[in-house]
Every structure is written in C-alpha cells, then in structure tokens.
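Visitor: Fit chain B to the supplied structure of chain A, relying on the hints for placement.
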Amino acid sequence: MPAFDYAPAPESRDIANLKPSYRPFIGGEFVPGSGEPLKTLNPATEEVLAEVGTASAADVDTAVQAARKAYERTWSKMPGAERAKYIFRIARLIQERSRELAVLESLDNGKPIKESRDADVPTAAAHFFYHAGWADKLDYAGLGPDPRPLGVAGQIIPWNFPLLMLAWKIAPALATGNTVVLKPAETTPLTALVFAEICQQAELPPGVVNIVPGAGDTGAEIVNHPDVDKIAFTGSTEVGKLIQRSVAGTRKKLTLELGGKAANVVFDDAPLDQAVEGIVNGIFYNQGHVCCAGSRLLAQESVVDELLAKLRYRVSTLRLGDPLDKNTDIGAINSAEQLAKIRELAESGEAEGAQRWTSSCPVPDRGFFFAPTVFSGVQQSMRIAREEIFGPVLSVLTFRTPDEAVAKANNTPYGLSAGIWTEKGSRILWMANQLRAGVVWANTFNRFDPAAPFGGYQESGFGREGGRTGLEAYLHG
Amino acid sequence: MADRVSVAKTYKLYIGGKFPRSESGRVYPVHDAKGRFLANAAHSSRKDVRDAVAAARKAFAGWSGATAYNRGQVLYRVAEMLEGRREQFVAEVAASENIPARKAQSAVDAAIDRWVWYAGWTDKIATVLGAANPVAGPYFSFTVPEPTGVVGILAPQRSALLGLVSVLAPVLAAGNTAVVVSSADRPLPAITLSEVLATADLPGGVVNMLTGRAAELGSWLAAHADVNALDPTGAEPAERGELARQAADTVKRVLAVPEEEPDWSQRPDLGRLRTYLEPKTVWHPLGV
Chain A
1 MPAFDYAPAP ESRDIANLKP SYRPFIGGEF VPGSGEPLKT LNPATEEVLA
51 EVGTASAADV DTAVQAARKA YERTWSKMPG AERAKYIFRI ARLIQERSRE
101 LAVLESLDNG KPIKESRDAD VPTAAAHFFY HAGWADKLDY AGLGPDPRPL
151 GVAGQIIPWN FPLLMLAWKI APALATGNTV VLKPAETTPL TALVFAEICQ
201 QAELPPGVVN IVPGAGDTGA EIVNHPDVDK IAFTGSTEVG KLIQRSVAGT
251 RKKLTLELGG KAANVVFDDA PLDQAVEGIV NGIFYNQGHV CCAGSRLLAQ
301 ESVVDELLAK LRYRVSTLRL GDPLDKNTDI GAINSAEQLA KIRELAESGE
351 AEGAQRWTSS CPVPDRGFFF APTVFSGVQQ SMRIAREEIF GPVLSVLTFR
401 TPDEAVAKAN NTPYGLSAGI WTEKGSRILW MANQLRAGVV WANTFNRFDP
451 AAPFGGYQES GFGREGGRTG LEAYLHG
Chain B
1001 MADRVSVAKT YKLYIGGKFP RSESGRVYPV HDAKGRFLAN AAHSSRKDVR
1051 DAVAAARKAF AGWSGATAYN RGQVLYRVAE MLEGRREQFV AEVAASENIP
1101 ARKAQSAVDA AIDRWVWYAG WTDKIATVLG AANPVAGPYF SFTVPEPTGV
1151 VGILAPQRSA LLGLVSVLAP VLAAGNTAVV VSSADRPLPA ITLSEVLATA
1201 DLPGGVVNML TGRAAELGSW LAAHADVNAL DPTGAEPAER GELARQAADT
1251 VKRVLAVPEE EPDWSQRPDL GRLRTYLEPK TVWHPLGV
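In order, the protein sequence lines correspond to chains A and B.
Anchor point for the first sequence: position 96 equals 96 in the numbering used here, and the numbering is continuous, going up by one each time.
Anchor point for the second sequence: position 278 equals 1278 in the numbering used here, and the numbering is continuous, going up by one each time.
Just chain A, same shape as in the assembly:
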C-alpha cells in the first residue's frame, strides 16, 4: 500500500465561539435552570467544554406553559405564510452561522468536521427550508381539507446528530403550527443552545421554541407532562418502548424513530469497488453512530472473499483521530459509556466465535476512540448480528440465493433501513419490495433529504420524518 502522509489540517476551534456556560432557553430567554448543571466533554480529548444548566421538573413545566401560551396566542393563529417567513429566516441564519455550528458540533459530539460541515449543518438548514414552504400549503398535504396542529410538542433527540435531529423535529412542528419543548441529549447540548440564539435572532415569538437540557429524568418530565399533546422521540428502542408505555392510554400522539440493524446486501454482480465505498459509508459514517447504519453486511458467497479483501484494504486507509482535522474519516466515540458498550459487544463477537479484524490505524492515547472493526464468519444467532452496536463495527454474513438474502435481512425485530448492491435493475426492485425496512438504498447508502420520508417498521418505531408523510406526525388529519 502506498503511504500517503497528510499534513495536519485542523479547523480552528475559535470558530465555535465556545462559551464557558450555556443555559436552558425557555419563553424566549436564557434562564438559569434549577436542575443540576452538567459538564459537556470533548470526547476527543476528554476535556470539559462548558457547563450547561439543566431543566428541573419545574423548569419543564414553565417551558410547557410558555409553549402553550405561544401556541394559543400567536403561533397557531398566525397565517401559514407568516410562519413560513420565520422558518425561512431560521434556515438562512443556520446557513450564515454554518461554520460556527459545524465546529461546535464536532467539538461536542466528536464527529469529523468534514461530516458536520458537509452533511449535518447543510441538511439541518435544508430541513427548515423544506418545511418553511409547507407552512402555507398544508391544505394540499393530503391529510384532509383543514388539517390542524396538535398543540405543544415534546421532543427528545439523541446525541448522534445533535443539530440535524433538532432540525428534523423542530422544522415540521413549527411549519404545522405547533410549539415545541425540546430536550437535547445530555452529552451534546451545545448546538441546540446556539440554535436558541438563532431563534432570538430570527425574532421568533417567545415560547414557540423552548430548549431544556438534561438527562433521562428531564425527558421523562416532558413525556409525562399532562399539557403536552405530542411526543416525538428519536433514540434507542429500549427507551422508545418505555415512552410508548408511558403515553399509553393518554391522548398524546406519539412518533418514534428507534434503533436498527440494517442489512447491506451485496450480490455477486455488484460493482465491488463501489459496493465497498457504500459499505464503508454505511457502517463507518459518523463512527457508526447511525440508527440506520448498514451494520450487517450480507455478501453473496461467491464474492465474499474478494469483497472482504477489498473492504479490509479500504478500511485500513481510513484515518482515525482529531475530529477537527479536515482529513479525519473517523472521529471520537461520543462518550466513555458508549465506548464501553461497543467494546463489550465486540468482545461478545470474539467469544461467540466470529473472526475479528481491526484496522491497524493509529489510535490517539487520549479521548474515546474505537478502531474500525470487521467481523467475518458471523452467524445470525450471534449478538453482533442481532443487537445494535452503534459503533464502527461491521458483521459479515453470507448468502447463496436472493431468497436467502431476503430471509436473513428480514430476520430481525428492527426494520429501519437496508442496502442492495447489484447491477440488475429487476433484482433491485424485487429486493426493495421484499425487504421489511422503511428506507432502502440501492447502489448507495446513508442518503437523507428533507423531501424523502425516513422512518422504520416494527421495533424501529413508527411515523416518518420528511416529505409529505412526515407532516402527519404534527397534524390532526
């Protein structure tokens, strides 16, 4: 392998305008928050980035009241065309501050700057642009002649795409006339609080958006608050089930975007080099912290050796390290806890008899890092083939016939996404029909767009985000 050396090309962390402390955003103001403050870390260095005030039960109640007031007095009464202009303003402000947001996101989350810069932040802006245009066209969304907003939406988002998940949640809620109380993840609250500044700059009426940092107990306060009309959650299946149980028997509307264990199916006629790029993008993008990551590679038996050789070669060229370096492909694992989970599952793979291959790339001595790992000889019964690892770990299984590929791909309680690699169009369409998954990528992987509905079957949750379908989550039909 030719050795290419890269000069370091770090993005300046000054661009993030990092402040020593951040506070909850309630009723249009930054307030102290009476919860126990949390410290958010840079997972690449383990240093404290900032102290963040959290919301207690009383603060959540204040936020819900602020959202209710804003809903009743201004936001739901405002003509859609006017709401749209606020949302367009937000989209523009995200674009204007995109570099700052990207650097801050990489500092707080550990994701490579090239991903936050080229994917997360632009797609977040795109979600506001897309939904802004819906605000005055809801009568055309196919949900009946006079769709009405639900009221106050409680939204809980994960740490893997902090700003992007916020945009997925807030943009459709605002466009449809709802007001929101959003809890960012405990380990990644910073861009959400800069987003709150953007709401102020956009002169969004106070209370329309409220951001309440905190841990699971803050989330539970939102879920159980009697004056919340809708809960939207993205996160683990385990927590999703708890939330579904909590809102059972109430009038609250619920949408869940939960875990996945996506199969990426490679047929022997697939263009293998392209497939390898897709597999790498599928499982190593964002350190594998992607609910729809292609974590199970199903390779046709006749090409598995060739594919694995190409894959290992390609993975060994991935650069792991400083998230702020523009040359970094794989950044830091978001937290020590998550790193421990990934290690535990990887060890179970070895213990259950799968063959482990780990890239020999250098790993920084500080921070939470996990070198990209590929398990071959994986059986369907193994934990690494059944449980979501949420890290840069790929499990490789094989199949002989298309029917076997379908059976193995569908052999999971999840149903979020799947990939198909073949040159044969009729097989792509047949496979796409057979796979029980909400998103199917053929000869590509991990593509997202606000115009394309995203969401899962079965234990990957219910409801869709994006497209006309996504509006349904925030409207009475």
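Bear in mind the hints are in silico, worked out from the structure with no lab data behind them.
Do not rely on the hints blindly, as some may be mistaken.
[Said to hold, decoys possible] Distance ranges between label pairs, derived from CB positions: (1) A:D136 to B:Q1266: 28 to 34 Å; (2) A:Q379 to B:D1123: 38 to 44 Å; (3) A:D61 to B:Y1028: 47 to 53 Å; (4) A:N433 to B:K1034: 49 to 55 Å.
The C-beta atom is built at its ideal place from N, Cα and C for all residues, glycine as well.
Guide: Coordinates of chain B only, in the frame set by chain A:
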C-alpha cells in the same frame, strides 16, 4: 298440521379459511334484545388467538403480494356476495342490534357500500399516499406505502355489521391480514360475514374471525409479538391503556380511537388506511 321446525345453525369460528369450533370447547349464549335465545357462539380461547395469528401471518405474503387490482376485485366481490345475502344480514342485524328492519336495512346497505368504497381504494393508495421525492442530489427517490402486516382488531361492540366492516375493510384494502374479535353480545353477523368472505375469493387466513370477549382476548393480541398493529375500538375505554402498554413491548402500531363508538354511517377519512401502512422510501443513484 304442526308448524315447520326451523333448522338451527351452529355458529363456529373462522380461522385460516376453515370454520372450526373453539379449541376451548366453550360456548356462550347469544340473545336478542328481548332475551330470546338466538344461538350459542364459540367462546374463543388464547389458543384460538394464536392459531388465528399464525393463519394471518401465513396469508400475509400472498395477500400483500397480490396486485392492488386483484385486491380490489376481491373486495368488490365481497360487496357482491353481501348484496346477495342482504335479507339474511338485515334479519341478523335487526335481531342483534334491536333495531327495526328499516334501520337494519340501511346499516346493511351502508356496509355493502363501504366494501365498494374500499375496493376502489386498493389501487389508489399508492398514488395518493406515495410520492416521488425531489431530493437535492443525483438520485431517484420514491416512497410507496406498504401494508404493516398482521392487524389485531377488537371490533365495535354495538354496530355488529357496519361497524365491523368499517374497521375491517381498510385493513384489507391496505394489504394487511386480520385477526378480528367480534362484538361479544352481537357476534352472529360477524360469523355470517365470514361465510361471505370465504366464498368471495378472499384467500384463507386473510381474515380470521373469533367470537368471544374483547376483555379476555384483547391482551393476547396486544402482547403477541407477531401482531403488528392493534385496533382497540371494541375494548372498554378503561382497558385501552393497558392494551396500549402491552403493545409497547413490541412497538406495535395502536390505532387512536374515539372514546365512544362513532357514527359508522359517516363516510370515513383515510386515517384507518394510514395507520396500517408503512411508507417505504427507495433510493437509487442516477447516472450513465
């Protein structure tokens, strides 16, 4: 001369295209509003629920894989067969619901028309609820609605036929298969409807009809890992919370239903169809 003695009918279950007795061997008496004995209905058990779910799962691939045109034909055929047995249904609905024949007749007519309405939907769902997604990149992206899978239905308790048809037909139109627990006190039109379904080219197992108590059978459906969605219409409002909690263990779709049984004579919106559909988004790169 003595009056002719009528031939009484034994009402059974409908599972996997067959009409078995309940595994439990239990029956319960069904009376009309004046307290006159009408028949013994099978009192379904947990095992009947499991058999019915297995039959519905087995039938799912065929029914969901049938063309929308074909599904529409079959649902329209149900309307034809119902029309042919209109008088029987009018008599059964009148006896079950204690309403005059004229009212029963309009309920049966509305039930027939509802099958026709949903028959027409099968090949329009994808057009109306699907999409070509104008994504910002060189990709072809489209979204198609697909059936959710096996749907457990606790049928309305009051409206024995029109209510039943209103909750069942959208499930089938969307391509799902169903396990239905009929109205407990008014089960006879449900079993007669099963006879119609069995002769209307509907493949066996697509609909499985159980008579019995929603309060007893509902939780087996709500907790069953191979049931994908639940319609709790026929459950007591106080029991629905517990059913929804049981459904959460497998992240089931649970239909949001009004507290009181609605006026089924109103034309439905698309809410029921939507609940039982999974939008699937497919992407492919563009290029030469």
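Visitor: Check the structure against each numbered hint from earlier and tell me which ones fail, lowest number first.
Guide: none
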